[in-house]
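J.: The lines below spell out each chain.
Protein chains: 2
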Amino acid sequence: ARPRVGYFYAGKKSAQALGDTMNNMKVKDFQSMPVVVRESVSVYDAICQMFLEDVGTLFVVDEQSLLVGVLSRKDLLRTSIGRQELNQIPVHIIMTRMPNITTCKKSESLIEVSRRLIEQQIDAVPVVAEEPAGLRVTGRITKTTITRAFLSLSESHEL
Amino acid sequence: ARPRVGYFYAGKKSAQALGDTMNNMKVKDFQSMPVVVRESVSVYDAICQMFLEDVGTLFVVDEQSLLVGVLSRKDLLRTSIGRQELNQIPVHIIMTRMPNITTCKKSESLIEVSRRLIEQQIDAVPVVAEEPAGLRVTGRITKTTITRAFLSLSESHEL
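Those protein sequence lines, which keep their order, are chains A and B. The first sequence begins at 436 in the numbering used here and counts up one residue at a time. The second sequence begins at 436 in the numbering used here and counts up one residue at a time.
Just chain A, same shape as in the assembly (with noise of 0.2 Å):
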């Protein structure tokens, strides 16, 4: 066989297989840890938390860990400017409740559920597994995750 001489590089794939890349871009392989908090904790904790693990969203759940709920920053900031004690009102007062929360499974693909980030004017949805009892948080997918994946696109190709 011919020696690989130095100009040689292997590492990027051809254009023509994007569109098969794109296609094989699973939640599984791209989502980062959900970051939860309790129901019964308070407006000032949960902001609290989401500076202490820098994110934008945080998922509520109940005692089993069942998923009950998101917390946007958005969320969090419109209640702050209130005139309420943050300390006093607990986070169920405020989040975004199932049913009315758009989630994602694992299995899907990232262009699914960027088309859902969009069509539903939100930053992050959490990845879940169905039990008997509700919905497991297992992962997040946010737009830095889509936007990380677009990157990957144009690193991983030659274009």
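Careful: at least some of the hints might be erroneous.
As the list claims (entries may be wrong) - No more than 25 Å apart at the CA atoms, straight line, and that leaves these computed lysine-lysine pairs for DSS-like:
id : chain 1 : residue 1 : chain 2 : residue 2
1  : B       : K461      : B       : K540
2  : B       : K540      : A       : K448
3  : B       : K509      : A       : K509
4  : A       : K463      : A       : K447
5  : B       : K541      : B       : K463
6  : B       : K447      : A       : K461
7  : A       : K463      : A       : K448
8  : B       : K461      : B       : K448
9  : A       : K447      : B       : K463
10 : B       : K540      : B       : K463
11 : A       : K461      : A       : K448
12 : A       : K447      : A       : K461
13 : A       : K461      : A       : K540
14 : B       : K463      : A       : K461
15 : B       : K461      : B       : K541
16 : A       : K541      : A       : K463
17 : A       : K447      : A       : K509
18 : B       : K461      : A       : K448
19 : B       : K447      : B       : K463
20 : B       : K447      : A       : K448
21 : B       : K447      : B       : K461
22 : B       : K463      : B       : K448
23 : A       : K447      : B       : K461
24 : A       : K461      : A       : K541
Hints listed in this document are in silico derivations from the structure and should not be mistaken for laboratory results.
Guided by the hints, dock chain B onto chain A, whose structure is given.
T.: Frame of chain A, contents of chain B only:
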């Protein structure tokens, strides 16, 4: 010529064209309108403006409409849980200032801007035009823009 029959659908490009399409995605074709505030407005008014315009990032400009700062939802949330009176603090106290602002130009590719969003860990960049006195803000690119671009790649090609 053979008549085009009902199942002939010419609206999508081939998957082979995906790389070219992606390379040719320019800031000027995808940018949104920028939402700007003056550096003298209060944090409270900036938050109201953010909700009114439903954006996640505000750009701060001086009297000549030149870029002087950026305010994220995170900056505003951090300030709103502090002890200060939000009506009393002008945004120039809490904003990220020039020259620490990541920007882009309308002729740049979305790939390059998405790299900047990920590397700098920011949600949005202003699209700017260089002028002798400074940078004029002419648009914005956000992670929503990139998510929309990612989705449009799949919708405009036969994957």
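J.: For A/K447 and A/K509, compute the direct alpha-carbon distance and say whether it is at most 25 Å.
T.: Measuring from Cα to Cα gives roughly 39 Å; hence the hint is violated.
J.: B/K509 and A/K509 were given as a pair; does the straight-line alpha-carbon distance stay at or below 25 Å?
T.: Satisfied, since the Cα-Cα distance of roughly 9 Å is no more than 25 Å.
J.: Holds or violated: B/K447 and B/K461, Cα atoms, limit 25 Å.
T.: holds (20 Å)
J.: For the pair supplied as a hint, B/K461 and B/K448, confirm whether the alpha-carbon distance does not exceed 25 Å.
T.: holds (18 Å)
J.: Compare the distance between the alpha carbons of A/K447 and B/K463 with 25 Å, and conclude whether the hinted pair is satisfied.
T.: violated (28 Å)
J.: Within a Cα-Cα threshold of 25 Å, do A/K461 and A/K541 meet the stated pairing?
T.: Status holds; Cα separation ~7 Å.
J.: Below or equal to 25 Å on CA atoms is what counts here, so check A/K541 against A/K463.
T.: holds (5 Å)
J.: Are B/K540 and B/K463 close enough, with their CA atoms no more than 25 Å apart?
T.: This hinted pair holds, its Cα atoms lying about 8 Å apart.
J.: Are the Cα atoms of A/K461 and A/K540 separated by 25 Å or less?
T.: holds (9 Å)
J.: Please work out if A/K463 and A/K447 have their alpha carbons no farther apart than 25 Å.
T.: With a Cα-Cα distance of about 22 Å, the restraint between A/K463 and A/K447 holds, given a limit of 25 Å.
J.: Going straight from one Cα to the other, do A/K447 and B/K461 come out at no more than 25 Å?
T.: Distance ~23 Å between A/K447 and B/K461 Cα, so the pair holds.
J.: Do the alpha carbons of B/K461 and B/K540 lie within 25 Å of each other, as the hint requires?
T.: Measuring from Cα to Cα gives roughly 9 Å; hence the hint holds.
Figure legend: structure checked against the earlier numbered hints; hints not met, in rising order: 2, 9, 14, 17.
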